[in-house]
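**Q** Listed in order, the protein sequences are those of chains A and B. Following this note's numbering, the numbering of the first sequence begins with 1 at its first residue and continues without gaps. Following this note's numbering, the numbering of the second sequence begins with 1001 at its first residue and continues without gaps.
Heads up, a few of these hints could be off.
What the hints assert, rightly or not - Distance ranges between label pairs, derived from CB positions: (1) A:111 with B:1089: 31 to 39 Å; (2) B:1248 with A:28: 35 to 43 Å; (3) A:39 with B:1207: 52 to 60 Å; (4) A:67 with B:1045: 24 to 32 Å; (5) A:176 with B:1009: 53 to 61 Å; (6) B:1009 with A:24: 47 to 55 Å; (7) B:1045 with A:39: 53 to 61 Å; (8) A:238 with B:1177: 50 to 58 Å; (9) A:167 with B:1009: 43 to 51 Å; (10) A:65 with B:1209: 53 to 61 Å.
These are computed hints drawn from the structure, not numbers from a lab. From the three backbone atoms N, C-alpha and C, an ideal C-beta is built for every residue, glycine too.
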Amino acid sequence: MDVVVEARNLVKEYNSHRVVKGINFSVCKGECFGFLGPNGAGKTTTMSMIICYTPITKGNVTVFGLDVGRYPKKVKQKIGVIPQETNLDPDLTVFENLMVYARYFNIPKKVARNRVKELLSFVQLSDKRDEVILRLSGGMKRRLLIARSLINDPELIILDEPTIGLDPQARHLIWQKLRQLKAHGTTMVLSTHYMEEAAQLCDRLAIMDQGQIIAEGSPNHLITEFVGTEVIEIRSDGQESNYILDSLKEHQFSFERAADTLFLYSREGGRLVQKIKEVKDERIIYRPATLEDVFLKLTGRELKE
Amino acid sequence: MNAFINTFRIPYIGDGAFRVWQRNGNVWLKFYRPSLVGNLGEPILYLLALGYGLGKFIPDISGIPYIQFIAPGLLVSSTMYSACFECTFGSFTRMTTQRTYDAIIVTPVSIEEVIAGDIFWGATKGAIAGLVILLVATAFGLVGSPWVGLVLPLLMVEGLLFASLSMVMTALAPTYDFFNYFFTIAIAPMFLFSGIFFPLDEFPAWAKTASWFLPLTHLVTITRGLFLGKLHISLLINLSLVIAFTVITFYVSITLVKRRLIK
Ligand SMILES: Nc1ncnc2c1ncn2[C@@H]1O[C@H](COP(=O)(O)OP(=O)(O)O)[C@@H](O)[C@H]1O
Ligand SMILES: [Mg+2]
């Protein structure tokens, strides 16, 4: 398979403080690759190095086989970028934003005009063509950012937290657009700390914490590898939970205690639940394991701020 | 070491800078009328109040009526102010709150080109402001020589100089308030002590020496020469100093902004 992005021993230091600690990854053509991690894990920094925005301290990144440090212009000509924080041009209208952006890629005016028309209809903003940025909702701004990132018809787009701060409707619309792009063959690298987003969009995930990739694989693979198939959550204090654990001795499971909750991970959840109900019949949640369980298990449950 | 070389090497500036200049031009064209009125207003008030008003009580200076004496200086100072406002408040807004620079540097346009494009734009706005005054001065009959045509390229250089100087301030500014220092400590004294309103010849030697370090002094001297058609070979020295100052400030400003943005 064609490798589109490849990072080797990638390191980033800010004032000799190491925030990306020698990571390796590669992204194949047509794939959606996600960085999942808590705030401060180094996702944005890693992606900024891919897009030639942040200089690399050590190691290297190639995009389409081109070293990003040596050929930034060529690399940037071929990629689309959706930043974490909206940076649309507030001095310009929706249409002008895209036209002016096209010029930065040296796209001829005529070609650009057609492309802008297509893109506005793709992101469902055709009727906002002459609106100023200030009057767009958060979801519209995000969609316009997507349109802007596609102006040069990129084969690779880099998305940093593409739906951060959006309401569910707006988020689902964005996901739908991104799935459409993926179906069209666009390679994507995205970062997120929303599990559902990672599960919805990504073929492969790298879970990042404190500047390192601590696990990698498809969402399903990560779930079966790290937490099994089913999760039982029991709201329970210490003594009661000891009693429950005792009563399950002859079963296969692993567990974790967090504040007021006992988490049991197992492949035979149904039988466990029956057993538990003999001693405790309320406030039990029995559900399939999700990425969130993997995430919390690997990166810890304490607050990351 | 590599990072050091990257920061200080001579920047490559290609057509990306022009794209940025165009972007600013597009925005300006949307609101150019109020902008032009702003350019005209203050210098014309000075010209009328000081030139005609105060001028009535002031004897001719080296045989020139007072209004004609101050017109060249008002022209170069209006270029100075316009370029300075654009590349302090304007550029700072684009660089920080609006994140316009951030959005552009992930396209094939480089950071150096973004900064240069913004400086070229500041220079253009400065030149436009000067040009407006030139037209007014001509209409008032204050221009005595065809040499005045050379004022146009001179205004471009002046615009570059003050746009670059302002971009240095933008690179250093933590907030908008910082620009108060710049305008109060550097620009306002330059406006008053560069020989626009009174000749510097009568001042003690140290004051004359000091004024040599104010780039506006040289610009006033050259422009006055062009207005009156009184050209002297020494103007080339003034011009060389202006150009040298422009090149250095341009380079320094790009280096500093880059250092601020690229971490
Ligand atoms: N410009 C910078 N200067 C110094 N430290 C930074 C800078 N940008 C990010 N960091 C630090 O690098 C770490 C990783 O940040 P970031 O890549 O933004 O994480 P994420 O996107 O995963 O939330 C954080 O500890 C952050 O404080
Ligand atoms: Mg981030």
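**Q** For the hint 43 to 51 Å, verify it against the beta carbon of residue 167 of chain A and that of residue 1009 of chain B.
**A** At roughly 47 Å between Cβ atoms, residue 1009 of chain B and residue 167 of chain A fall inside 43 to 51 Å, so the hint holds.
**Q** Just tell me: holds or violated, for the beta carbon distance of residue 111 of chain A and residue 1089 of chain B against 31 to 39 Å?
**A** Distance hint for residue 111 of chain A, residue 1089 of chain B holds at roughly 35 Å.
**Q** Does the Cβ-Cβ separation between residue 1009 of chain B and residue 24 of chain A fall within 47 to 55 Å?
**A** Since the Cβ atoms of residue 1009 of chain B and residue 24 of chain A sit about 30 Å apart, the hinted range of 47 to 55 Å is violated.
**Q** The hint says 24 to 32 Å between residue 67 of chain A and residue 1045 of chain B; measuring C-beta to C-beta, is that right?
**A** Since residue 67 of chain A and residue 1045 of chain B have Cβ atoms about 58 Å apart, the given range 24 to 32 Å is violated.
**Q** Holds or violated: the 50 to 58 Å window for the beta-carbon distance between residue 238 of chain A and residue 1177 of chain B?
**A** 55 Å, holds
**Q** At the C-beta level, are residue 176 of chain A and residue 1009 of chain B separated by a distance inside 53 to 61 Å?
**A** 46 Å, violated
**Q** Does the hinted range 53 to 61 Å hold for residue 65 of chain A and residue 1209 of chain B at CB?
**A** 60 Å, holds
**Q** Is the hinted range of 35 to 43 Å satisfied by the C-beta distance from residue 1248 of chain B to residue 28 of chain A?
**A** Violated: the Cβ-Cβ distance is about 49 Å, outside 35 to 43 Å.
**Q** Taking the beta carbons of residue 1045 of chain B and residue 39 of chain A, is their distance inside 53 to 61 Å?
**A** Given range 53 to 61 Å: holds, Cβ gap about 54 Å.
**Q** Verify the CB-CB distance for residue 39 of chain A and residue 1207 of chain B against the hinted window 52 to 60 Å.
**A** Because 58 Å falls inside the window, the suggested range holds.
In this structure, the hints that do not hold are numbers 2, 4, 5 and 6, in rising order.
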